[in-house]
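Novice: Sequence:
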Amino acid sequence: MMVIQMFKGCKLEDMPPHIYSAAQASYRDMLATRRDQSVVFLGRSGAGKTTNFRHVLHYLALAAGSTNKILTVEKLNAISTLLEAFGNSRTVMNTNATRFTQIFSLDFDHSGQIASASVQVYMPEKTRVVRRPEGEPNYHIFYQLLSGADTDLRRSLGLDNLSDPNLFMTPLQRSEDRQKAGIAWARIRAALDVLGVSPDEQNTLWCVLAAVYHLGTAGAVKAATGNKFQFGKPGSAQKASSLLGTSVEELARAIFHATPTTPSTRASFRTASPTERPAERPEGLEALEGMATGLYSEACNAVVALINRCISTSAHTSNSILVVDAPGLQNPASCGRTSGATFHDLCHNYTQERLQMLYHDTTFTAQTDRYDQENIEYGDVADEIGTPAPLIALIDKASSSCVVRTSQSDLRESERRGLLWLLDEEAIFPGASDQSFLHRLYAHYGDREYSQLLKKGAAQDQFSLQHFQGTNPVNYSIHNWLKASRENPVIRQAAALLQESNKETLSRLFVFSRGPVSNTISGSVVGIEGSQSLRRASSIRRAFTTGTAGIKRKSVCLQVKFTVDGIIENLRRSKLRFVHCLLPQHNAGLCDLKGSIMTPNKTNNSSEDILLNVPLVRSQLRGCQILDALRLHKQGFPEHLQYSEFRRRFAVLAPAEARAQAPVLDERAAVEAILAHLDLDASSYRLGLSQ
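Just so we're aligned, residue 1 is where the sequence shown starts under the UniProt record's numbering, counting upward by one.
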């Protein structure tokens, strides 16, 4: 609190480099200009983005205050606890990795106080609840529930006997981790109480989570007669159905006998094939995974809705500050995993590239364009600055003429399309495989022109992309990419199952959580009441529910692009500030607060304390273009004022005879007279056409 008071009310030039400086500068600018502000965090996984994200929110909540205590530090801590439990997991790079993108909106009234707030969650890694890279555990909340629930809650959820193997759970290997999970459970219950979540609503969430666990125990096997599937352990399935307020027969029907909607609208946008057939209904384990994924997604949507119910109001607000936190750049090979990055890692890395492109446009493109418009010479530094645009185009470029599946022979006559579009085409083409997708990717981008962006991997099922201007090459494995890029139709059965539950409290909660602003493809923005937040959330939602995005709404890979498009579009409307977070060491995300490396099979060792990896830090500085920005700032003229505004502010410094008399017909001449009197170094400023 004392540190926050030191920054409160300060100008940017009066503050030291600190995360509170970014928060205070945004708040001061918003009050002065009445323009929306944004703070965006960039960096690799484990670099501390989420921690600094929370620091910014804490500063704004304390420095600005809120009407009727709608948003307090206690509530912010509770929100962080819940979102971390439901959306974070251990990975090979990070013991507490964020697996979703969130936008926290603070809406201010005319007096500068927080009148409303909201959390918007996008692109959660849904399938992580059932499928993960080998050795990585599930989301934190499952282990916290299993380790911390008391005897009565365990009995009511059917979790008193956990001896059976579970398809969806990777056991925690260290007793220390299990102990921490049990301690975290108490914080989760306290957080829910702080946010005004009733005991019935809390119990509803635990029922859904326990049902997911029991489905993992139930499994799926082929029936002895016929070609149908059934639960491998009916007892576990009975527990799941009881918790969900339905019958075993109804649950089995929703999982194993659901009829998917034929994607006829998508088929019309590609060349018809005599061998093409409607999408097949997933069977067996894949269908079971779809239901578990859908149930967990609905539980996460409900958590976001309950959070927004507590912090959102219908009060009139004038401006907002958006704070954006996305999963960091994923490169498992940097921490020793040679099996390659996953499809979800690509989605997170693509988001980071798009945010870096936004930084490039804001820092370099906008500034050099202004110099060109004003006829200002600023040296040749801009010619040496790279751009993320070529790699982004390789990933998401759409065809401007046609959407047809091309072969090697007719590629020259067809326009290249990005990786995500190629993956979408392969996902709906009969007989396609992961290898056929990789073959088409090389056919489109395997020539010399793209050799600096795309390279063949060490194994046949791998390829490498040169992220962040080639400073962070990531090796990807295409295993199960086609499966990951298709929406499992059983996921959609979960919402109906929960809303039609025989348990009134369960049905009521999930009817509420599927509000008019919700979206189950790309994330959750439900439970928002504030007018500013509603407009922003609706605008982002339109980006991935209209036009081509609406047609491709069942394409998981393309929905990632459309969602990021919507986020970037809304951020561009605000005054942007970027916070670059740097890793001091490749495995810094695997360290405890004392800086000791934490591995699943090894206790803390003081001899492994973090040291600064200088080449790594230099590589990150090049990749995020901080040094380029400093050079342009030094050689250019970033501060600018209209001539009339400059004269109004600084004419008082000149003697009366040097001041232009009204009416001023030549603003530039009036400014030149003031500058001549001040005897400034001519190399420290330039006079443009209007500034």
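Honestly, the hints are just simulated from the structure, not real lab data.
There could be a bad hint or two in this list.
Pairs of lysine-lysine residues, derived as BS3-like cross-links and limited to a Cα-Cα distance of at most 27 angstroms, are as follows [said to hold, decoys possible]:
1. 397 x 483
2. 575 x 222
3. 456 x 483
4. 397 x 456
5. 483 x 455
6. 575 x 8
7. 397 x 11
8. 233 x 222
9. 483 x 228
10. 455 x 503
11. 233 x 456
12. 634 x 11
13. 575 x 634
14. 228 x 180
DEER-style ranges, computed between Cβ atoms [stated by the list, open to error]:
15. 136 x 247: 33 to 41 angstroms
16. 18 x 630: 17 to 25 angstroms
17. 573 x 387: 41 to 49 angstroms
Every value quoted in this text rests on a predicted model; they were computed, and no experiment measured them.
A virtual CB, placed ideally from N, CA and C, is assigned to each residue, including glycine.
Novice: For every hint, state whether the structure bears it out.
Specialist: Hints versus structure:
Restraint check for residue 397 and residue 483: the C-alpha separation of about 22 angstroms stays at or below 27 angstroms, so the hint holds. Among the hinted pairs, residue 575 with residue 222 is inconsistent with the structure: their alpha-carbon atoms are about 57 angstroms apart, more than 27 angstroms. For the hint pairing residue 456 with residue 483, the CA-to-CA distance comes to about 22 angstroms; that is within 27 angstroms, so the pair holds. Distance hint between residue 397 and residue 456 is fulfilled; the C-alpha atoms sit about 20 angstroms from each other, no more than 27 angstroms.
Distance check on the hinted pair: residue 483 and residue 455 sit about 23 angstroms apart at the alpha-carbon level, within 27 angstroms; holds. Restraint check for residue 575 and residue 8: satisfied, since their Cα atoms lie roughly 20 angstroms apart, inside the 27 angstroms limit. The straight-line distance between the Cα atoms of residue 397 and residue 11 is roughly 42 angstroms, outside the 27 angstroms bound, and the hint therefore fails. A distance of roughly 12 angstroms separates the Cα atoms of residue 233 and residue 222; the hinted pair therefore holds under the 27 angstroms criterion.
Proposed proximity of residue 483 and residue 228 is supported: the alpha carbons are some 21 angstroms apart, at most 27 angstroms. Between residue 455 and residue 503, the direct Cα distance comes to roughly 54 angstroms. Violation of the 27 angstroms bound is thereby established for this hinted pair. A hinted pair counts as satisfied when its Cα atoms are at most 27 angstroms apart, and residue 233 with residue 456 does not qualify at roughly 44 angstroms. The hinted pair formed by residue 634 and residue 11 meets the criterion: a straight-line CA distance of about 21 angstroms does not exceed 27 angstroms.
For the given pair, residue 575 sits about 22 angstroms from residue 634 by alpha-carbon distance, which is consistent with the 27 angstroms threshold. Of the supplied pair hints, the one linking residue 228 and residue 180 is violated, its CA atoms being roughly 42 angstroms apart against a limit of 27 angstroms. Look at residue 136 against residue 247: about 35 angstroms separates their beta carbons, and that is inside 33 to 41 angstroms. Distance hint check: the CB atoms of residue 18 and residue 630 are about 18 angstroms apart, consistent with the given range 17 to 25 angstroms.
Distance hint for residue 573 and residue 387: a CB-CB separation of about 22 angstroms, inconsistent with the stated range 41 to 49 angstroms.
The structure shown violates the earlier hints numbered 2, 7, 10, 11, 14, 17.
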